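Residue numbers (the numbering used here), protein chains in the order written: chain A, 124 to 241; chain B, -11 to 268.
A hint or two may mislead.
Unchecked claim - Here are the simulated DMTMM-like pairs of lysine to aspartate or glutamate, each with C-alpha atoms no more than 25 angstroms apart in a straight line: (1) Lys141/A <-> Asp201/B; (2) Lys56/B <-> Asp136/A; (3) Lys19/B <-> Glu226/A; (4) Lys238/A <-> Asp201/B.
Treat the hints as calculated values from the structure; they're not laboratory data. As the structure is a prediction and not an experimental result, all values here were calculated from the model.
The chain contents come next:
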Amino acid sequence: MIEPIIEGTYKFDGVAAKLGYNLNKMCFTFNEERCREEFRQDEAAYCDKFKLNPAQKEAILKRDIIALLRNGGSIYYLAKFAGTLGLNVQDVGGIMTGQTTEEFQAYLDSQGVGKHNG
Amino acid sequence: MAKILGAIGTSHVPAIGVAVDRGIEDTPYWKDLFAAYVPVREWINENKPDIAVLFYNDHGLEMFLDKKPTFSIGCADEYHNADEGWGIKPIPPLTGETDLSWHIVNHLIENDFDPTVCQDIKVDHGATVPMSVLYPGHKYQGTKVIPIAINCERHPMPKPSRSYAFGKAIGDAIRSWDSGQTVVVLGTGGLSHQLDGERAGYLNTEFDQMCMDKLVTDPESLTHYTNDELTEIAGAQGVELAMWLAMRGACSGPVDELINVLIAPISNTAAGVQLLVPKD
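The task is simple: from the sequences and hints, build the whole structure.
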């Protein structure tokens, strides 16, 4: 399991990349619609096809993004997983921080600068 | 010899490309950001650079973990974009400039940088969003592009000092190219943001503004950070400052700053828009 280097922050280094290789390889295929569709048809079988370990497979099936990070997921490919589910980066931010998408957006807005119109 | 007319720093978040696709640039959320691009587009129209040398990072369209270059240079006649998995529409192909690409590669190797040479690569939103936002309606057909990618995904990634020096070497290569063509250098990505982990959504606009100001007056002061420090100060993806450092490195010497705007949040990021022009 990958531990945070600072609170809430997982470093994607060689250790994580080794652990997460199969998971990331699966998510990399989500660049293609035919792969996204194959995943949607049978999520568990698609995970097995890429030899995900049990923790990774469970995290995929449960949409547990933090567990995916702790099991070597790279956010670049997890973003494609999110896209496959029809989620955007604010939705994913909400899931990871235990907030609704609206609460996560409000957190972003609370740090806002330079907007005079919105 | 070829001449660098200017350097543009810009965000490359996919949401900007989506906003362009949907024509919602005038809505309250987007209005201020797109307003910042108006004078940048005017500068491009007035100066008409022949070539855009574009620093970006690939987010897993072309460069997966199996073979992931630390620094890479596009040496292709044409660059295509493709489905990245979340529905951003691919843009028309970009035209390459292989003579300058190879000149840069030769110059870099002679000067102790050893990039991966890419004769056939797809380019992702890191390259396509900046081109879409700088050339509305994808009217970049008259402008050739050289995409140069820096690994910002898997650690270890180049130190900020190294990305700055890499940009400097590329600037020297451009200025030593025997051609009358003109160049704009694009530094894309950033600024502070963190997409992943329980700390997702973290921004540091004070740091971003300091970085944009220092890029003008004292860029070397920014090269002393480590990537771990940038992660802590500017978020996990704050390391994309690498491309802005490379851009500034390419404009060796003093610059005039024509535009400096920071808008947040844009998607999960703080978005900078900056235009720098080398002093003659």
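Hints and how they fare:
For a cut-off of 25 angstroms, the pair hint linking Lys141/A to Asp201/B is broken: about 39 angstroms separates their Cα positions. Our distance criterion of 25 angstroms between C-alpha atoms is met by Lys56/B and Asp136/A, whose separation comes to about 13 angstroms. Straight-line distance between C-alpha atoms of Lys19/B and Glu226/A comes to about 23 angstroms, which keeps the hinted pair within the 25 angstroms bound. With a C-alpha separation of about 19 angstroms, the suggested pair Lys238/A and Asp201/B falls inside the 25 angstroms cut-off, and the hint holds.
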